[in-house]
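Asks: First to last, the protein sequences are chains D and C.
For what it's worth, the numbering used here labels the leading residue of the first sequence as 1408, then goes sequentially.
For what it's worth, the numbering used here labels the leading residue of the second sequence as 41, then goes sequentially.
It is worth saying that the hints were derived from the structure and are not from the lab.
Do not rely on the hints blindly, as some may be mistaken.
[What the hints assert, rightly or not] Below 30 angstroms or equal to it, Euclidean Cα-Cα: the simulated BS3-like pairs (lysine-lysine) are:
| hint | chain 1 | residue 1 | chain 2 | residue 2 |
| --- | --- | --- | --- | --- |
| 1 | C | K467 | D | K1516 |
| 2 | C | K122 | D | K1409 |
| 3 | D | K1599 | C | K158 |
| 4 | D | K1516 | C | K254 |
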Amino acid sequence: MKEVVITFLCMAILLYFLLGGADFGAGIIELFTSTKNRSRTRKTMYHAIGPVWEANHMWLIIAIVILFVGFPFIYTTMSVYLHIPLAIMLIGIIARGTAFVFRHYDAVKDDMQWLYNRIFRYSSFVTALFLGIIAGSLISGHIDAQATDFYTAYIAGWLNWFSVAVGFFTVSLCGFLAAIYLIGETTEAYDKRRFIEKAKFMNVAAVVFGAMVFIAAQRDQIPLIDWVFKSNVGLSSIILASISLVLLWYLLIKGKTKVLRILAGFQVTMILLAISYAHFPNFIRLKSGDAISLLETAGPEKTIYGLGLALLLGSILILPFLGYLFYKFQKKEE
Amino acid sequence: MDDFIAARSQMALSLGFHIIFSCIGMVMPFFMAVSHYKWLKTNDEVYKNLTKAWSKGVAIFFATGAVSGTMLSFELGLLWPKFMDHAGPIFGMPFSLEGTAFFIEAIALGFFLYGWNKLNKWFHWFTGMVVGVSGLASGILVVAANAWMNSPAGFDFVNGQYLNIDPIQAMFNKAWFSQALHMCLAAFTATGFAVAGVHALMILRNRNAYFHLKAFKIAAVFACIAALLQPLSGDISAKDVAKRQPAKLAAMEALYKTEKPAPLLIGGIVNEKDKTVTGAIEIPGALSFLAHGDFKAEVKGLDQIPENEHPPVAITHYAFQVMVGIGTLLLLISLIYFFILFKKKPLTEKRWLLKLFVFAIPLGYLALEAGWVVTEVGRQPWIIYGIMHTKDAVTPMPGIAYSFYIFSAIYVSLSIIVTFLLYRQIKMVPVLYNQDESKGNQNR
Chain D
1408 MKEVVITFLC MAILLYFLLG GADFGAGIIE LFTSTKNRSR TRKTMYHAIG
1458 PVWEANHMWL IIAIVILFVG FPFIYTTMSV YLHIPLAIML IGIIARGTAF
1508 VFRHYDAVKD DMQWLYNRIF RYSSFVTALF LGIIAGSLIS GHIDAQATDF
1558 YTAYIAGWLN WFSVAVGFFT VSLCGFLAAI YLIGETTEAY DKRRFIEKAK
1608 FMNVAAVVFG AMVFIAAQRD QIPLIDWVFK SNVGLSSIIL ASISLVLLWY
1658 LLIKGKTKVL RILAGFQVTM ILLAISYAHF PNFIRLKSGD AISLLETAGP
1708 EKTIYGLGLA LLLGSILILP FLGYLFYKFQ KKEE
Chain C
41 MDDFIAARSQ MALSLGFHII FSCIGMVMPF FMAVSHYKWL KTNDEVYKNL
91 TKAWSKGVAI FFATGAVSGT MLSFELGLLW PKFMDHAGPI FGMPFSLEGT
141 AFFIEAIALG FFLYGWNKLN KWFHWFTGMV VGVSGLASGI LVVAANAWMN
191 SPAGFDFVNG QYLNIDPIQA MFNKAWFSQA LHMCLAAFTA TGFAVAGVHA
241 LMILRNRNAY FHLKAFKIAA VFACIAALLQ PLSGDISAKD VAKRQPAKLA
291 AMEALYKTEK PAPLLIGGIV NEKDKTVTGA IEIPGALSFL AHGDFKAEVK
341 GLDQIPENEH PPVAITHYAF QVMVGIGTLL LLISLIYFFI LFKKKPLTEK
391 RWLLKLFVFA IPLGYLALEA GWVVTEVGRQ PWIIYGIMHT KDAVTPMPGI
441 AYSFYIFSAI YVSLSIIVTF LLYRQIKMVP VLYNQDESKG NQNR
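Next up, chain C with everything else stripped away, as it sits in the complex:
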């Protein structure tokens, strides 16, 4: 394996792994906080048990997310030293702040996990909230740093020199808001659907249905609200990308020729050699509308971009299709869910709806990963858009392929163990909580 490809693969793998864990660590605390609040307000034991059950999941995911994040902060230098040499001081501001946010999150998590019966109950609840809020802040800051790579700002690039560096301006680059918003909603959607789906499965199997129904409802509301808002944020992102990174937008839609008006392609097979797309459904003028808010606007195709600056079209296009396709599906599920809630029909009787949620367990994360493929692969061949090529940033050390194999093995085994642990946690719910739950029922 070529060192450059190995470095890119290792980075992609590390990020792909970290993203899932950090999203769970970022979103679950909010579910916990709701359940915890309900326990404090209603004294219904089931909410206390649910909070505790979820907090164990959070502990597992947080630790995994924290170590994979530590790994990433080193990996930036291990794999891309020439990038970090220049970029570090420019896009470092969000990382400096993220350090603080992450630290606070870790402290708050210590309080939360070990604070049962030791802290004032509202202070305890508050520490749980702090975990969520600081986690969310960390997420936004890290995405702001990534946004800078798509939309470099805060310096003047003169004859290969990075002058007049302004880290604040770099942090508030043009892409930070649209990317961070899209990512936060995606995190809530993906985690919400995954959690709701797991509890839906348990309801279907009729195990501790009361417990799982409470859990399902909390997660599903978060998931469905986020899924409904996501298309709006997607629209902001699309218009933003069209303005700043026409090559990425063209690759997303496999638009080889500049067109006015430009059609939206759904699906299709991309032939990168002949620069054609076959078998796609075309919606006339729709891409013009999505990119510029006008059905007749011109959309820049790849023909207006030098060939050596083309991102890999097929991967970007397919990933984009996956993201949008799943997003639409989750949107539909959300609409159905709210309709049924509105009609006040008991959920346990709608087994098909629960099955739909079970089906959706992995979908949110698939869309999330696909979205990151669009962002990252769509930016290629640049590591800093328009400024530095990715291949110029890679480490001079040979043999990165071995490093890639080792870390792949580690990440794969970690994924297996975490899945296994979660399976065991869920399996043990009846044993751990049955007694408490019957007591809780009597108390009410």
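Next comes chain D alone, as it looks inside the complex:
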């Protein structure tokens, strides 16, 4: 059952990254849209993510519940040493979630919209940034469980070049995912062209920040290059990601939309796989050189069994219903 639970955890994290990420990305895209086009972007976005955004954020809840029920030591270690970035991410989640709903459901459309829009855009950016910082910190090996002073224990673990670079990399990936998603959600040629431009822009940004992640890893003495290039899985996923990148640009120029989404999702999945495969099943790398492993810190057998059963049962109920939701509200291609 342990394997089932770990599979669900990885799936929840991946889906949150893809779906929730696209959702943050929508706010990031809006942030980088010129003022005159913003209301057009907002409209497309509202129709595209309105029905599904609440569901997209459930993957985070699923992941966190799996962690605290099944892997409490990992959950509490994160909570203690990454308290500050987690709190900032949470503020972002609260702010963007409520601003998104408020701006649509405010019965009077007046100057308050200005405020909601601001909050939504900036908090989308901040949330994605800190999500990336947290992810980077887990593998950065900067978390110091033996620290005695405040800075080493609660700041240095996440405020380092590598984690911050991963943060910006995440922001660009989210923007990229959202742009690709939005291309398929509009029928107007003008908007389509705009989103294609945005997708290209975000893709270039992702490549640049991706390179920065490698540079930062070198600087912080993190063997990222070994992880990615010295394992077969890492290497092949990077090759696949690169092939899909070429294909993606070709399709972008051609203007094919539905295949694009699958490719973009595939590409991001490959990137995550390349970075995380080498130290799986370790979830957190500590400064002392030790690592906290999913397999070794799993909770008692009965708990894992119950959790696995609940997840299997839940997915039977959730997945068809969720699939129908996405199917029902997608834009039909012309």
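Chain D is already provided as a structure; the job is to place chain C on it using the hints.
Replies: Frame of chain D, contents of chain C only:
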């Protein structure tokens, strides 16, 4: 501010905030479903408009409840890591199931809010029902997890070790049923009275009275039935607490000395230093009856509990008084309402009754919050009753006070914005629905 106090305050604030929003998100879908059903059956446009108007409220509250709930699932670890280290695997079962229920609720809400004119009308209605049922299930599961903290089960505590963990047994702990029942009824009472009160206000102001009267009737029936049932559930809870947590019961009633028979104290000022209560109305033997069903039974006082295991008596006692006092008041309003319904008198002529409902808008939530203060403060100094002290569970990170200030500011501003949004929604009802309503009248 002391870090420990700051952590407790932040947790209390987050829970206090989340409870209101999640209750509304849990109960309103049922009101919507009734109104939606009436629209489908009678074709009266006003029910369609009412369903839509309510669904906008639900969208606002659901989103706020969802993000504050996400916040809480992290906060358990951010503030109480040592508690979660041990408790996570034991009381995690209801949370695992709640994840599913909550997920289904979110999907169903997507269908419901965006499904007008897109889905089969009965499937659409069904998705609205799913929102309510899964919301209610989430509520029950989360309360079951809280009940475990009051009534730990499903493990053996040997030399500081948590052995033989059985999460199913932990979920079905001794307190889960009485707490979940009490909470569900409270959610219906509080939300019902709040919604009915707002619509009563609009009827009094003579704005779209037809629309608001329909709304009032649906909400009021739910509220009043729940308020009538609540004392029965309260009785189950009291007897249960008396058996499992004598310290909490003693604090609720500020019973410093063990007495046989024990009187029920109504009101009074608690002096925690001298361990006395002054100015309370005493009903002889009533506490014995409430706690054990026998007017002559002995009720354990705080004198039989070690001093370092005493919960804060004054807060628990006052909160309990507020809860019971308001509960009784709402019960009376419910009786009057049913009497008038029974007599078939038109409600619009009973302006005093409508005013009573307006007065009751915040009362249900006040009682609900007071009830949670009784449960949570009454459990102190324990985070897991009899097993782990709250102060041993707090995070080692210093500076929690700042976190408390920041989150207080966020919650306060969110409350203000949500209230403001609701005010605007209600204000816009005439503009949005006037036309439809006159059309609806012609159609009939």
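Asks: Give a verdict on every hint.
Replies: Structure-based check of all given hints:
Distance check on the hinted pair: C/K467 and D/K1516 sit about 13 angstroms apart at the alpha-carbon level, within 30 angstroms; holds. Restraint check for C/K122 and D/K1409: satisfied, since their Cα atoms lie roughly 23 angstroms apart, inside the 30 angstroms limit. Our distance criterion of 30 angstroms between C-alpha atoms is met by D/K1599 and C/K158, whose separation comes to about 25 angstroms. Of the pairs offered as hints, the one joining D/K1516 and C/K254 holds, with about 28 angstroms between alpha carbons and a cut-off of 30 angstroms not exceeded.
In this structure, every one of the numbered hints holds.
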